[in-house]
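Using the sequences and the hints, build the whole thing.
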Amino acid sequence: MSDRPSKKLKMDSEAEKVAEAAEEHLKQHPHPVPTKQPYVAHDDGEFKDWIKHQTTAEQAQKLEDGPNNAFTGNKFSQKYFDILKVRRDLPVFAQRQQFLDIFQNTQIMVFVGETGSGKTTQIPQFVLYDDMPHLAGTQVACTQPRRVAAMSVAKRVADELDVELGEEVGYSIRFENKTSPKTILKYMTDGMLLREAMDDHNLSRYSCIILDEAHERTLATDILMGLLKQVSIRRPDLKIIIMSATLDAEKFQSYFNDAPLLAVPGRTHPVEIYYTPEYQRDYLDAAIRTVLQIHATEPEGDVLLFLTGEEEIEDACRKISLEGDELVREQNCGPIKVYPLYGSLPPNQQQRIFEPAPEGANGKPGRKVIVSTNIAETSLTIDGIVYVVDPGFSKQKVYNPRIRVESLLVSPISKASAQQRAGRAGRTRPGKCFRLYTEEAFKKELIEQSYPEILRSNLASTVLELKKLGIDDLVHFDFMDPPAPETMMRALEELNYLQCLSDEGDLTALGRTASQFPLDPMLACVLIGSPAFQCSEEILTIVALLSVPNVFVRPASARKRADEAKMAFAHSDGDHLTLLNVFEAFNSEEAMQHGLHQWCRDNFLSYRSLTSARSVRAQLRRIMEKHDLDLVSPGYDDPDYWTLVRKALAAGFFMQVAKKKSGNKGYLTVKDNQDVLIHPSTVLAAENEWVIYNEFVLTSTNYIRTVTNVKPDWLVELAPKYYNLDHFGDGDVKLSLKRIIERVETMNKQKEKKDKKKKSKSS
DNA sequence: GAGCACTGC
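Per UniProt numbering: the first sequence ends with 763, consecutive numbering throughout.
Calculated directly from the structure, the hints in this document are not laboratory data.
Hints are supplied without guarantee of correctness; some may be wrong.
[Claimed, not checked] List time: in silico DMTMM-like cross-link candidates among lysine to aspartate or glutamate, alpha-carbon distance up to 20 Å: (1) K182 x E160; (2) K661 x D713; (3) K415 x E272; (4) K660 x D675.
[Said to hold, decoys possible] Listed next, with one range per pair, are the computed distances between beta-carbon atoms: (5) V475 x E439: 16 to 22 Å; (6) S321 x S152: 28 to 34 Å; (7) R601 x D199: 37 to 43 Å; (8) K738 x Q349: 53 to 59 Å.
By construction, the Cβ of each residue, glycine as well, lies at the ideal position given by its N, Cα and C atoms.
The structure is reproduced here in structure tokens:
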């Protein structure tokens, strides 16, 4: 264990630096944007002298002190006062007046607060006491990138304001709207606010919009920022607050026309950072050794190790457990308990990470080790972590516009991520972070921030959303980070082939309908087209299943049995049809009587995915009804049942087609000419000439996954524009298509002739 | 013959 991390550095207090910079900035940019509106709402009582956007921190505090709740008129409870005491101890509280000074004098501001500052819970309340939205019938919105956060923060703030959750304070997320006409503060996902903006371009019900966790740069937050920048001009009365963790604050400021900044320090314990003296070739091995070393030599405290994916994590857990037991036997170390943590882990196993560490022995501490993906970096916080081991990698989504493929790639993390990971060690007491790379690499090789999602994604659905938001000129849309032109072109092209956009780039009726569905445009189009094939009920099921995580479970210990279980649902014409069979079975009387959980376990299916598919399906079905799209099924008795479903799929998936290579065993994707193999998980036998696929999986080999057999005649008939051979490169695919198109044309002509004859005969 | 990191509508 010679290359134990050795170099030692103190983590900088970023907050102090940012606060100084902010003060300096304020001196230079006083921002006299006049949005003050003298406005007296009530003349009956306590708000008689209150003027919108002129409250002082002192006045607000007086209102908070009670005895009556300013928003409900009710008498405050004892619990309220207990919580109030804790709140007044938060770092943000000390800067309430400073916040109000900026907030009242400017339309857009940037607020920076580290973890533990209390920004997410307190800032919206500061706004409430200054804005009094209940008097004007407006609302304050605060967005979060994740659903659980929106829910749990709303619950907390409802308690802090001494109101019932869902009344004055509520939340709005997919599948659940917990708000009422009384709601004045609404926590919501960023995606949900974006949906609202599609129907109300001015977001007119809000007097203030707070974008929280803006540094995460989710697709939805990025679009909202561009949108709010425009809305702010049309609505000078709308206040906007961009909230972020420390880094990148200047970028937000300059994007929003040099908006003023307020920074508040967080409340975390110091974390000592250690680097390795040299580059680690095998980071997995180095990580395992570091964890064991911590266990053998460091005082009490739990360990968090960041790795990239499920397989790696399970592998590391096994090795750490084995070697940890050896340490117990040979060096009298305390017991060690290792837990994996990743998104696809069943919830009850995820919960196990909160079990207490094992008791120590022989005067040596027992220890809990959690081996996790990035889920522990942002989504899940675990108290009691004192040691973090950071190899410096994570799986990140990348998009290749040339072949229109999104894939996951193990890549170095950013400085911001590294800092976030280190911070996980200092939540309850001072901690240590072991970085398995050199300090040199940290400084010179890691980028400051991860690339925002908008630069790493297929933008088909984003472009459709923007069009629906009324933004016609996408080229000049003011993105904070403009996506690559090729990515935009690909998206526009794809939407044009789907007939969601006209040749002029305008939204078509189909496009307008498609934008209403929370789906990838291609899936939305399959769904909208399905009534024409009399099978919208079937397509609803398939589309829902395609938009949730994989329903098939394949544990390493029972691969063969899992595969056999899957074959019981198999349909010889493909994986899409197999999904349909699975869902039918899941909804059967038999499964119900068996108990759905048990039934899923017995059949190696994911209960979580299937129930979530059920909610998605119900939501999609409601949207279909709302748009008068027929809900129909051919019924099992129809001899064309499966053919109709396959045709309906082909009508939307015509851009994701592969043709078998002649003589060879592989396939070639149509138009992009990529060599691919059908993923081994398919139920499809090998002899199909033409297949549609749901997904292109880019690994050591290229696979297409979730594949169904189709007839090429359907493709050329359903999407003549896409199958215009002038746009195809020469080769096997083009030749075959040419023959098919000729055949189809002759057949159509013959049919026409026959029809004409019939007509003239009958008349 | 086997790569679904993590979110969101």
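Hint-by-hint comparison with the structure:
1. Restraint check for K182 and E160: the C-alpha separation of about 17 Å stays at or below 20 Å, so the hint holds.
2. With a CA separation close to 18 Å, the supplied pair K661 and D713 stays within the 20 Å bound.
3. Note on K415 and E272: the hinted pairing holds, with a Cα-Cα distance of about 16 Å set against a maximum of 20 Å.
4. Between K660 and D675, the direct Cα distance comes to roughly 10 Å. Compliance with the 20 Å bound is thereby established for this hinted pair.
5. Taken as a hint, the range 16 to 22 Å is violated for the pair V475 and E439, whose Cβ atoms sit roughly 43 Å apart.
6. With their beta carbons about 32 Å apart, S321 and S152 fall inside the hinted range of 28 to 34 Å.
7. Range check, R601 to D199: Cβ separation about 42 Å, and the 37 to 43 Å hint holds.
8. Between K738 and Q349 the beta carbons are some 54 Å apart, a value that agrees with the proposed interval 53 to 59 Å.
Violation of the numbered hints given earlier is confined to hint 5; every other hint is satisfied by the structure.
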